[in-house]
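*Asks:* So the sequence lines, in the order shown, correspond to chains A and B.
Residue numbers for the first sequence follow this note's numbering, beginning at 1 and rising by one.
Residue numbers for the second sequence follow this note's numbering, beginning at 353 and rising by one.
These aren't lab readings, by the way, just hints derived from the structure by calculation.
Just so you know, these numbers come straight off a predicted model, no measurement behind them.
Beta carbons are placed, not taken as given, at the ideal position from N, Cα and C, and that holds for glycine.
Where hints are given, some of them may not hold.
Sample of chain B residues at the chain A side, in silico, Cβ under 8 Å [what the hints assert, rightly or not]:
| # | residue |
| --- | --- |
| 1 | D372 |
| 2 | Q379 |
| 3 | Q381 |
| 4 | M384 |
| 5 | P404 |
| 6 | G481 |
| 7 | Y482 |
Incomplete in silico selection of chain B near chain A, CB under 7 Å [claimed, not checked]:
| # | residue |
| --- | --- |
| 8 | I357 |
| 9 | G359 |
| 10 | A365 |
| 11 | A366 |
| 12 | V429 |
| 13 | V435 |
| 14 | K454 |
| 15 | P494 |
Computed spacing ranges between beta-carbons, pair by pair [what the hints assert, rightly or not]:
| # | chain 1 | residue 1 | chain 2 | residue 2 | range |
| --- | --- | --- | --- | --- | --- |
| 16 | B | Y482 | A | L25 | 55 to 65 Å |
| 17 | B | N402 | A | Y52 | 47 to 57 Å |
| 18 | A | Q244 | B | E405 | 28 to 38 Å |
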Amino acid sequence: MNRNAPLFLLLAAIALSLYAHSAVLSEFVMPTYGNTMIHVANARHLVETGFYPIQDDYSYGGGAPNLYVPLFRFAYAEAVLLTGLSFDLVGRLFVLLFALLLPLGFYLLASRAWGEWAGAAAAFASCLVPELLIYTVRPLPQALGLALLPVAFYFLAKNNWRAAPAATLLVTLVHQEAGVFLVGCAFAYAFARVAHASWHAKKLVFPAEARLGFACWTCGVAAYFAWHFFVMGNLAVFDLAQFQHHEGGRVTFDLLLTKTGKAVLLFGALGALAAFWRALRSRVPNETELLLLACVGAGLFACFNDLVGINVFMDRFIVFLALPLVCFAALGLKEAYAFAERVSTRVNRVTV
Amino acid sequence: MRRIILGVLLVFAAWLAFADFESARSQAQPWMAPVVTPNERDALEWVIANTPERAVFVTDIFGGEFLMGNTRREGTVGGDWAVIPNVVERMHDIQYAFYQAKTPEEAHATALKYGAEYVWAPDRKVFAGYEWVELNRSLFVPPYFSLEFDNGAAIYRVNPA
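From just these sequences and the hints, can you work out the full model?
*Replies:* Spelled out as structure tokens, the structure:
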């Protein structure tokens, strides 16, 4: 088999992602659904006045504090200043950048766990999730957050004490929900790592990977609350309209299937089960695999948070649950392939 | 036999993948709809040339966001609602006491209540948070409102009480 084959497959996945995301070029203005323009307004304010309107947002008649985390808007303004292009074109180019980053991030993460072939398969699988395309085909902070999350997971799995906390800070200040998901994953990973190590050692153990998970959780939580306090002068997160009015809908199996796609849900579930079984049996876990399992746990908790009374944004977290499932779909395919090989070997033996 | 079994698996995976890719593209397509119209885009020039920065327009959600993003003017609804006081009442008022007002007087009073100096009256249905409705331009008449611009999408001044 050609050694470069996974690389060619990755390039094909990038081409597929670019093709799917090229829908952003189809209309006379960039997409407007999802409040894309409020970010443009703040970036434009920064470019045209040199200041960021922290206490005077444009929303709903203006005058309210500008609570939304700012990094996407800073990046937008910076891109306009550096290139001299229009805000509309920069928004569309951002989408094409997300189209490039997504398969690359998944390739990086799944390659670390199971090798290059799995990496290439994950890169392909990232093009198959409807909800992932819906959110990343628009110039939204969410899209940048989703594109950065696989990279943040990669650094966390690699136990990189500089890059992982830095990536957590970055993601948290790019998009709130992406930040919430990341700190949830970091916490779940740390907890799972402590539980796994302690179970096998028969005593309480705190491995370095778990300490990094807790450190990332602390970084993300501290970064968000610092921003919230800086803008609002309080820490009353649950007073936000999204919590007060319980924005978001319930997640049903049909919705999950429609938004995640059959391939990623089926092979992802298969891969997650295989990984879970391995984690139970192995004394030395595959760190990336354990992290992705923790991400599935965090994603399920977020999608069904109505069951514990939080009741906010449940359906919005489907796209985040899809991230580890994309990687596990690669493992699921690999395991299904290995199983099919074993079956064919047995069939051959019987017939011989 | 080995090739057949592995082939069946790969064909099954490829079939699912193809169906999902098409599903993803068709599910994403409606989110590409700009909602706003070319006439609204063309009206932005007039807004920039003839109104002060951060002037408040009575708008629906899409009109408000389109204005703020392109001109740094403000809409009565649209944007991030996280910390807006009485935001539900505001959306309800713009939907039912402005766009679906019974009389020009009621629409005018609502515009003044929210500090609006202009009305953004696009050539499409409007949505202020509750339902999509046809724009009723017969509400925007003197002495309450005066027409300032019209290319299909119209802009009215909200006259003082």
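*Asks:* Does each hint fit the structure? Answer for all of them.
*Replies:* Checked hints:
Using the Cβ-Cβ criterion of 8 Å, the hint placing B:D372 at the interface with chain A is satisfied: the shortest such distance is roughly 4 Å. Interface hint at B:Q379: satisfied, since its Cβ lies 4 Å from the closest Cβ of chain A, which is below the 8 Å cut-off. Given the 8 Å rule on beta carbons, the hint for B:Q381 holds: about 7 Å separates it from the nearest Cβ of chain A. About 5 Å separates the beta-carbon of B:M384 from the nearest beta-carbon of chain A, less than 8 Å, and the hint is met.
Because the smallest distance between the Cβ of B:P404 and any Cβ of chain A comes to about 13 Å, over 8 Å, the interface hint for this residue is violated. The interface hint given for B:G481 is broken, as the beta carbon of that residue sits about 10 Å from the closest beta carbon of chain A, more than 8 Å. For B:Y482, the interface hint is violated, the least distance from its beta-carbon to any beta-carbon of chain A being 13 Å, above 8 Å. With 7 Å as the threshold, the beta carbon of B:I357 comes within range of chain A, its nearest partner Cβ sitting at about 4 Å, so the hint holds.
Checking B:G359 against chain A: minimum C-beta separation of about 9 Å lies over 7 Å; hint violated. Look at B:A365: its Cβ gets to within about 6 Å of chain A, closer than 7 Å, so that hint holds up. Hint status for B:A366 relative to chain A: violated, with the closest Cβ pair at about 9 Å, above 7 Å. Evaluation of the B:V429 hint against chain A yields a held restraint, the C-beta minimum of about 6 Å falling below 7 Å.
Hint on B:V435 holds. Least Cβ distance to chain A is approximately 5 Å, under the 7 Å limit. Taking 7 Å as the C-beta contact cut-off toward chain A, the hint placing B:K454 at the interface is violated, the least distance being around 23 Å. For B:P494, the suggested interface contact is broken, since its CB lies about 25 Å from the closest CB of chain A, more than 7 Å. Against the hinted window of 55 to 65 Å, the Cβ-Cβ separation of B:Y482 and A:L25 comes to about 32 Å, which falls outside the hint.
The given range of 47 to 57 Å is broken by B:N402 and A:Y52, whose C-beta atoms sit roughly 27 Å from each other. One distance hint, 28 to 38 Å for the beta-carbon pair A:Q244 and B:E405, holds here, with the actual separation near 31 Å.
Hint compliance for this structure: hints 5, 6, 7, 9, 11, 14, 15, 16 and 17 are broken, all remaining hints hold.
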